Amino acid sequence: MKRSNEPIFWSLFGAGGMLAALIGPALVLITGIAVPLGILFPADTMSYAHMLAFAQSWIGKILLLAVIALFMWHAAHRIAILLHDFGVHAVTVVKVVCYGLAFAGTVIAAWTLLGL
Amino acid sequence: MEVYKADVAIVGAGGGGLRAAIAVAEADPTLKIALISKVYPMRSHTVAAEGGAAGVTRPDDSLEYHFNDTVHGGDWLCEQDVVEYFVAHSHEEMVQMEHWGCPWSRKDDGHVNVRAFGGMKIERTWFAADKTGFHMLHTLFQTSIKYPSIKRFDEYFCSDLMVEDGRCQGVLAIQIATGEFTLIEAKAVIIATGGAGRVFRENTNGGIVTGDGMALAYRHGVPLRDMEFMQYHPTCMPGTGLLFTEACRGEGGFLLNKDGYRYLQDYGLGPAEPSPRNKAMELGPRDRLSQAFWHEKRKGRTVEGPHGAVVNLDLRHLGAAKLHERLPLICELAEEFLGVDPAHTPIPVLPAVHYTMGGILADGKTASSLPGLYSVGECSSVGIHGANRLGSNSLTELIVFGKVAGVEAAKFARSVSISNPAAIEKQAEAARTRALDVVTQSRGKERLAVLRTEMAQSMENGCGIYRLESDMQATCDKLRELRERYRNLKIDDHSKVYNTEWLLSIELGYLLEVAEAIVHSALNRKESRGSHQRLDGFEERDDVNYLKHSLAYYTGDGPPRIEYGDVKITKSTPGTRAYGAAGEEAEAAEREREGAGND
Amino acid sequence: MTDTEKVIEIQVLRYRPEQETEPVLQSFKVPFTDDMSVLQGLQYIKDYLDGTVSFRWSCRMAICGSCGMMIDGKPKLSCKTFLREYYPAGLRIEALAHMPIERDLIVDAGDFITKLESIKPYIIPKEPRTLEQGEYLQTPQQRDMYEQFSSCINCMLCYAACPQYGLDKTFTGPGVLALMHRYNADSRDGASAERMDLGYAHEGFWGCTAVGYCSVVCPKGVDPANAINQNKMNSAINYFTRFVTPKGGTK
Amino acid sequence: MSKRRPYVRSMDGWWKRDAYFVKYMAREVTAVFVAAYAVVLLVGLVRLAQGQAAYEGWLAALKSPLSLVFHLVLLATFVYHTWSWFNIMPKTMPIMFVGGKRVQPGMITGAGLAAAVVACLAVLLIVRGVAS
Chain S
0 MKRSNEPIFW SLFGAGGMLA ALIGPALVLI TGIAVPLGIL FPADTMSYAH MLAFAQSWIG
60 KILLLAVIAL FMWHAAHRIA ILLHDFGVHA VTVVKVVCYG LAFAGTVIAA WTLLGL
Chain C
0 MEVYKADVAI VGAGGGGLRA AIAVAEADPT LKIALISKVY PMRSHTVAAE GGAAGVTRPD
60 DSLEYHFNDT VHGGDWLCEQ DVVEYFVAHS HEEMVQMEHW GCPWSRKDDG HVNVRAFGGM
120 KIERTWFAAD KTGFHMLHTL FQTSIKYPSI KRFDEYFCSD LMVEDGRCQG VLAIQIATGE
180 FTLIEAKAVI IATGGAGRVF RENTNGGIVT GDGMALAYRH GVPLRDMEFM QYHPTCMPGT
240 GLLFTEACRG EGGFLLNKDG YRYLQDYGLG PAEPSPRNKA MELGPRDRLS QAFWHEKRKG
300 RTVEGPHGAV VNLDLRHLGA AKLHERLPLI CELAEEFLGV DPAHTPIPVL PAVHYTMGGI
360 LADGKTASSL PGLYSVGECS SVGIHGANRL GSNSLTELIV FGKVAGVEAA KFARSVSISN
420 PAAIEKQAEA ARTRALDVVT QSRGKERLAV LRTEMAQSME NGCGIYRLES DMQATCDKLR
480 ELRERYRNLK IDDHSKVYNT EWLLSIELGY LLEVAEAIVH SALNRKESRG SHQRLDGFEE
540 RDDVNYLKHS LAYYTGDGPP RIEYGDVKIT KSTPGTRAYG AAGEEAEAAE REREGAGND
Chain G
0 MTDTEKVIEI QVLRYRPEQE TEPVLQSFKV PFTDDMSVLQ GLQYIKDYLD GTVSFRWSCR
60 MAICGSCGMM IDGKPKLSCK TFLREYYPAG LRIEALAHMP IERDLIVDAG DFITKLESIK
120 PYIIPKEPRT LEQGEYLQTP QQRDMYEQFS SCINCMLCYA ACPQYGLDKT FTGPGVLALM
180 HRYNADSRDG ASAERMDLGY AHEGFWGCTA VGYCSVVCPK GVDPANAINQ NKMNSAINYF
240 TRFVTPKGGT K
Chain R
0 MSKRRPYVRS MDGWWKRDAY FVKYMAREVT AVFVAAYAVV LLVGLVRLAQ GQAAYEGWLA
60 ALKSPLSLVF HLVLLATFVY HTWSWFNIMP KTMPIMFVGG KRVQPGMITG AGLAAAVVAC
120 LAVLLIVRGV AS
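Protein chains in written order, with numbering that gives the first Met the number 0: chain S, 0 to 115; chain C, 0 to 598; chain G, 0 to 250; chain R, 0 to 131.
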C-alpha cells in the first residue's frame, strides 16, 4: 500500500489545533474584543509602537509566525476534510487549494516578519 | 449446478469446525478444504460459551482427577478410553490456543489463571473473563485466515450429504445470498454443526442451533447416540433462557430460595460453607442443581416471577470490582435485560435447556459408522460426556477433537478418490429438488412458527428435568402429528435472495427428526441416570440393563428404532455419584479400598 | 391478546431485489411486553404477520454480532434494544447504514470480511514457542493493552456509524483497524511492521477524521476511534524518523 | 443466474441524519473561523509593516461594531474548538497507566480543559503585565 504523506499535514494540523485550543480564546478576546473596546487592558496595549517593537523582537516574530501559520495549516487541513465530507470528491484540487493558501499565508507572514 | 471439488469438506465453522480446518491445513497444505457455514464463522454458537475450558494445569491437579470428575459426572456412561485421551490432550490444546492469541485471563506473574467449575475437584478451567467461547471462536476464526488452503463458504446452508459407494463424498449447499445450489465434492466430510437445543422452548441456545448436522447424518443411517441426555443449565434468565455462566458460582456465587436459604444443602450437596468448595453446594454438577430447583419449586420455596418460578443467584458478596473483572458479560446481561445490578441485587434464575450430550455416533477418532464421515463438537457423540456433561469440558472438546477430526479426515482423504462424480451429481440434483420442494410443495395452511412452538412446548412437557412415561408418550405422538402437518406448510416467501423462511422450514424438518430421536431414546431408557430422571417407577440407576448407550436409527417416516451399544469401561467401575461431604467420604472410602487392593 | 397488552407500530424498511427497485417502508402492529427486545418484535412479525421479512440473528445476547440494524436512525443490536423505549411513538428499522442492502434488513458484509482478512488478524510470534514450552507469559497489564480491542464482535455497527467509510469504501474502517491494533498491541506478536504497511496508507489510519461515533455506538465498549487515532501519532513519528532509525521503519 | 441486486443508499445530506454528526460538523466548521482569525492577524501584520497609518487603520477597523460582533462569534467558536479538541483527545492518546490504573478518558479531557484555562489566563496576565 502507498504510504500516505498525511503525517506532514496532520502534524501541522495538530500543532495548530492544540495552540488554538490552548490560547485561541484568550487571543481573540484580547485582539478582537477587549483592546478594541478599551477594557481590561491599557489603551495602548496594541499601539503601533508596542506592536512594532514586539514584531521586531525574535520572540515576537516566532510567536506571531507560529500563531498565524499554524492556525492556517490547522484550518486548511480541516477545511479540506470538510469539503470531502460535503461530497466534494476532487481530492487533489481541494488539497492543492487549501494547503496552497496555508502555504501562501505562511510565506507572506514570514516574509513580512523578516522585513520588519 | 456449481460444483466445487474439495478434499475435505467441513460443515459448520464454530470452534470444532475451525479447529478441524486448521488441523487439516497443518496436516497437509496441499489438501483443499471447504469450510461451509450457514452463518459467518464468528456468529457460530461457540461465541456464546461463557465460563471456560478445562485442562489440567495446576501442580496439585492430575489427569486422573480430571478423568474421574468427567466419568463420575457423566454417571459412568462415558467412553473411558476416549475420556483418557481427552484429559491427556486438553492442556496442550489450551496452550495451542494461547499461542494463537486467545486472551486468557492471567495471574500477576503472567501465567494463565484457572477458575473453579461445577463437579471439578481442582481448579482447572481456563477462562477469558466470562467470554471464553467468544474469544476462542474469534481466535480460531482469525487464525484460520492464515491458511490459504481453507476456502470458506460463508452463509451456505447445507441441505444434504452425498453418499455414494457406501461412503460420504460431499455435501450439497445452498448459497443463502442467491438461493442457488453448490455441490461440494469431498473425499471426507466433517460435521461440526453444534447441538439441537432449539427443539426445546426455554433454552440458552442461539437461533441457529437446530441440529442440522445430526439430522443429516441420521437420515443417512448413522445412529444418534444418547440423545435422551439433554442438559438443563441451572442458572438461566427467566423469559429468554439466556445463560448466566457457571463461573458465577465458580467465583463464589450462591443459589438462594425465596427465604434466602442456600437450599442445595438439602439435596446432598452440603455442607453450606461461606466460600466455594469444589464439588459441593453451588459447585455441584448441573444435573443435580437443576433437579434441586425442580424440588424446591414443588415445595413452594421458589420465588414467583413474571415468567414463572425462579431462585436467586446471589453475587453481591463478590463486590463490584471482582464482578466487573471476572464476570463483565454477566453484569451487562443482568443490567440490560433484567435491570438488575448484580453487585446490589441477586439475579433471578431458573434452569433452561443448554446442551445436547448425545449426538452423531463417533468413535474415539471422531469417525462415524459411515466411511468418510466424521463429526466433532456438540453434534457429535465421541463419548466423553456420558449422561451429564461437566461445565468447561465442551469448549475443550471442540479443540481436542476438532484437531483429531481434522487429522483423521485428512488421512482418509489422502487414501481415497471421488468414486463416481456423475452419480454424485445426479444425487445432488435429486437432493436439490427435495430442498426446493419444501417451498414449491407448500400449498397447505400450517404456519411454520406454530409447528415450531408446539414442538418446543411438547419437548419441554415430555423431556424436562424429570420425566414420566405418559408425558413422553404424548410427546412422541405429538411429534408424529407435527411431522404429518409439516407436509402442509404454508410458506409466504417464494424468492431466492436471502429466503430465510425457506431455510427455517428446512431447519424445522431437522428439528422434528432430532426431537423424535430424543424423546424415543428417553422413553426407552427405563432408569434414571445423569440428566435423564424418571418419576414413574424408574427412579434408580440400573447398571444391569442400562449401562448402555442408546442408539436411535432413522426409519424414514416412522419413529426411530432404538438399539443399545456397549459402554467402554477402562478403569472406573460404576459407583455412587456423590458430592459435598458425602462425596468426600466416598472418595476416602475408595482410596482405602484401592489401598487395600494394592497390599 | 389481553386488554392490558400494549401494541407498538414497527416500520420496517423492506427491500426485495426480486420485487422492488428501491426500499420501501412497511408498517406492522406488534403486541409487546416490557421485556421484549426489538429482535423479538421482528420475530413476531416474521412468525405471525409476514414470513418474508428477512433479517439475521442468532444468540439473542449481544455476543454473536448478527443482528445490527438502524433503529430510529441509530446503529444498534436489535437483541439488546427494547421496544418499550420506543413506546408509544413507534420505531423505524432499517438495514445498517453505509453497506449495500441485500434484502430487507440484511446488508452485504463481504467488504468487511475482506478487510478483516487483509490485516493479518492472527499472532505472528515475536519469538516462536513450542507447545512443550507452555504458554507465553503475559502480565494482566500487558493483556489490558489489547484486551479491550479484542472484544470486537464484528457486528459492524461502527461501520454504520462511520461517515468516512460511507463516503469512501477504500477506508479500512473502525472495527478492522481496531483489530489490527489489537494484534500490534499484543506482547506476543512481532509483526506490527508488516501490518502497518496498510495502517500507514490513506486506506488505513489516515482515512479517519476522528468523528468518534464508532466508539459511541460500539455495543461492547471497544474504542476503535482510540485504536486508530493513537496510531496516527505512531505513524507520524515513524514517517519522520524512518530515515534516521536503524531499520528505517517500513517502506 | 443470481437474482442479487444489492441496493446502495445515497450519502447525500448524511451529516443531518444524526445529532452526533451535526456536532462533528460543527467542530469541523470551527476551522473556517480559525482561518478567518488567522487572516485578520495576517492583515494586521502586513499593515504593521506598511507603517503607522496603515496599522492604525486596521486598529480602527477592529473597533467597528461589525468587527466586534464578528469577534464575539469568533470567541464562541474558539471556545467550542477548545472544548471539542480536548473532548476527542482521549481517542488520540495511547492507553496510559498511572500507578497500575488505567487513566480514564474523562481525566484526559479534564486535564486538557484545565490546561487551556490556565494557558488563557496566563496569556491574559502576561499581556496585561507587559502592556502596563
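For the record, the hints were derived by calculation from the structure and aren't laboratory data.
Every value quoted in this text rests on a predicted model; they were computed, and no experiment measured them.
Careful, some of the hints might be misleading.
[Stated by the list, open to error] Quick list of in silico lysine to aspartate or glutamate cross-link-like pairs, EDC-like style, CA-CA up to 20 Å:
id, chain 1, residue 1, chain 2, residue 2
1, G, Lys219, C, Glu324
2, R, Lys2, G, Asp107
3, C, Lys145, G, Asp107
4, S, Lys94, G, Asp71
5, G, Lys79, C, Glu331
6, R, Lys2, G, Glu17
7, G, Lys28, G, Asp49
8, G, Lys79, C, Glu334
9, C, Lys547, C, Asp80
10, C, Lys570, C, Glu589
11, R, Lys22, G, Asp143
12, G, Lys73, R, Asp17
13, G, Lys73, R, Glu55
14, C, Lys4, C, Asp27
15, C, Lys410, C, Glu453
16, C, Lys106, C, Glu122
17, C, Lys321, C, Glu334
18, R, Lys2, C, Glu334
19, R, Lys2, R, Asp17
20, C, Lys525, C, Asp491
21, C, Lys150, C, Glu179
22, C, Lys150, G, Asp143
23, C, Lys444, C, Glu428
24, C, Lys444, G, Glu17
25, C, Lys4, C, Glu428
26, C, Lys525, C, Glu538
27, G, Lys5, G, Glu116
28, R, Lys100, G, Glu84
29, S, Lys1, G, Asp167
30, C, Lys444, G, Asp110
31, C, Lys106, G, Asp107
32, C, Lys489, G, Asp46
33, G, Lys219, C, Asp491
[Unchecked claim] Just a sample of chain S residues kept apart from chain R, beta carbon distances all over 12 Å, derived:
id, residue
34, Met0
35, Asn4
36, Ile7
37, Ala19
38, Val27
39, Ile32
40, Arg77
We put the beta carbon where it would ideally sit given N, CA and C, even for glycine.
Holds or violated: are the alpha carbons of lysine 219 of chain G and glutamate 324 of chain C at most 20 Å from each other?
15 Å, holds
Holds or violated: are the alpha carbons of lysine 570 of chain C and glutamate 589 of chain C at most 20 Å from each other?
13 Å, holds
Would you mind confirming whether the straight-line C-alpha gap from lysine 73 of chain G to aspartate 17 of chain R stays at or under 20 Å?
8 Å, holds
Would you mind confirming whether the straight-line C-alpha gap from lysine 79 of chain G to glutamate 331 of chain C stays at or under 20 Å?
OK: lysine 79 of chain G and glutamate 331 of chain C at ~10 Å, within 20 Å.
Pairwise hint evaluation, aspartate 80 of chain C against lysine 547 of chain C, where the allowed Cα distance is 20 Å at most:
Judged against 20 Å, a Cα distance of about 15 Å means the pair holds.
Does the structure keep lysine 2 of chain R and glutamate 17 of chain G at a Cα separation of 20 Å or less?
This hinted pair holds, its Cα atoms lying about 7 Å apart.
Over 12 Å from every CB of chain R: does arginine 77 of chain S meet that, or does the non-interface label fail?
3 Å, violated
Keeping to a limit of 20 Å between CA atoms, is the pair of lysine 79 of chain G and glutamate 334 of chain C held or broken?
The hint holds at about 11 Å.
Holds or violated: lysine 1 of chain S and aspartate 167 of chain G, Cα atoms, limit 20 Å.
Holds, at roughly 17 Å.
For a C-alpha distance cap of 20 Å, please report whether lysine 5 of chain G and glutamate 116 of chain G respect it.
Distance of about 45 Å is beyond 20 Å: violated.
Given the hinted pair lysine 100 of chain R and glutamate 84 of chain G, is their alpha-carbon gap at most 20 Å?
36 Å, violated
Pair hint outcome, lysine 444 of chain C versus glutamate 17 of chain G [Cα-Cα no greater than 20 Å]:
24 Å, violated
The structure fails to meet hints 3, 4, 11, 13, 15, 18, 19, 20, 22, 23, 24, 27, 28, 30, 31, 33, 37, 38, 39 and 40 from the earlier list, while all remaining hints are met.
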